[in-house]
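In the working numbering, the protein residues as written are 1 to 212.
Mixed in with the good hints, there may be bad ones.
[To be verified] Derived pair list, reagent style EDC-like, types lysine to aspartate or glutamate, alpha-carbon separation capped at 16 Å:
| no. | residue 1 | residue 2 |
| --- | --- | --- |
| 1 | Lys163 | Glu142 |
| 2 | Lys161 | Glu118 |
| 3 | Lys135 | Asp178 |
| 4 | Lys60 | Glu91 |
| 5 | Lys131 | Asp172 |
| 6 | Lys85 | Glu138 |
| 7 | Lys23 | Asp90 |
| 8 | Lys131 | Glu142 |
| 9 | Lys85 | Asp35 |
| 10 | Lys62 | Glu118 |
| 11 | Lys60 | Asp49 |
| 12 | Lys52 | Asp30 |
| 13 | Lys131 | Glu166 |
| 14 | Lys203 | Asp178 |
| 15 | Lys161 | Glu138 |
| 16 | Lys23 | Asp49 |
| 17 | Lys135 | Glu169 |
| 18 | Lys52 | Asp35 |
| 19 | Lys60 | Asp30 |
| 20 | Lys131 | Asp90 |
| 21 | Lys60 | Asp90 |
| 22 | Lys62 | Asp30 |
| 23 | Lys48 | Glu27 |
| 24 | Lys85 | Glu26 |
| 25 | Lys23 | Asp64 |
Treat the hints as calculated values from the structure; they're not laboratory data.
If you're wondering where the values come from, they're calculated on a predicted model, not measured in any experiment.
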Amino acid sequence: RIQILFELGDMTLSDIDYGTLVKLVEEIPDTVYGDLCGLALQNIVSSKDNTKTTHSAADKLKVDPGTLTDYISCISHCYIFAAGKCLTGDELTTLLQSCGVNGALIEAIVNVFCDNTELLVDCLESTSFQKPTYKSMEWRLECQTSSRAIRNTVIPNVMTKFKIRENGEFRDVYLNCDVNTLQHIANQLKNAQLEITSLHARKMTRNLNRLG
């Protein structure tokens, strides 16, 4: 379970094998989609070994156990991706529809996800590197119009208050700086965002996950 979560913590949309979900529809009757989604959820939130259950289900469905395990793992990937990206049920539905996944399977996946979103998020947070997460921001523009040394001069200053969540609790962090410094911070954050989504950064992430 922990290994799955570490592997998927920084996964992107292209990391999910939607072809496996499409193939699942061709081989598995829709009457058991809900059961498969339940097993996929248990793979994430429970430390219990579901190998026997999976093999028993494979025998009843007359499919290879390894193939059925791949199907279940792919659904687990969808859940971790959706929970990690804070997707809603509608957003997950749209995502799966755009990839050509069958409507009945989408309904089963989304129903289990919506019923267990909080559980998935808590599980992901408990097994991932703990870092503060952004909740909201408030800002205020202040202007110094004069001082003892200089008159008739407007010096703008920006006060921002970030509400972040850390260790399950919310706290406020304040940043007080001039406009040029704030613009520099914004530019650096934008550059970092572009860098982390680049192809070579994603390759490095995958290689590090394999080493783990």
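task = Would you mind confirming whether the straight-line C-alpha gap from Lys52 to Asp35 stays at or under 16 Å?
result = Holds - the C-alpha atoms of Asp35 and Lys52 are around 15 Å apart, at most 16 Å.
key: Restraint check for Lys62 with Glu118, where alpha carbons must lie at most 16 Å apart   = violated (34 Å)
ask   = Given the hint that Lys60 pairs with Glu91, does the C-alpha gap stay at or below 16 Å?
value = violated (33 Å)
query = Lys23 and Asp90: Cα distance at most 16 Å?
reply = Violated: Lys23 and Asp90 sit about 23 Å apart, past 16 Å.
query = Given the hint that Lys52 pairs with Asp30, does the C-alpha gap stay at or below 16 Å?
reply = violated (22 Å)
message = Would the hint linking Lys85 and Glu26 be met if the CA-CA limit is 16 Å?
response = Roughly 29 Å separates the two Cα atoms, so the pair is violated.
request  = Mind checking the alpha carbons of Lys85 and Asp35 for me, to see if they're no more than 16 Å apart?
outcome  = Violated, because 24 Å separates the two Cα atoms, which is more than 16 Å.
inquiry  = Given the hinted pair Lys163 and Glu142, is their Cα-Cα distance within 16 Å?
reply    = Not satisfied, since the Cα-Cα distance of roughly 20 Å exceeds 16 Å.
Given hint Asp90 paired with Lys60 - CA-CA distance at most 16 Å = Answer violated: Lys60 to Asp90 is near 33 Å, above 16 Å.
query = Hey, Lys135 versus Glu169, does the alpha-carbon distance stay inside 16 Å?
reply = holds (11 Å)
ask   = Under the criterion that the straight-line Cα-Cα distance not exceed 16 Å, is the pair Lys48, Glu27 satisfied?
value = Not OK: Lys48 and Glu27 at ~27 Å, beyond 16 Å, violated.
message = Against the 16 Å threshold, does the CA-CA distance of Lys131 and Glu166 hold or violate the hint?
response = holds (7 Å)
Checked against the numbered hints above, the structure violates hints 1, 2, 3, 4, 6, 7, 8, 9, 10, 11, 12, 14, 16, 20, 21, 23 and 24; every other hint is satisfied.
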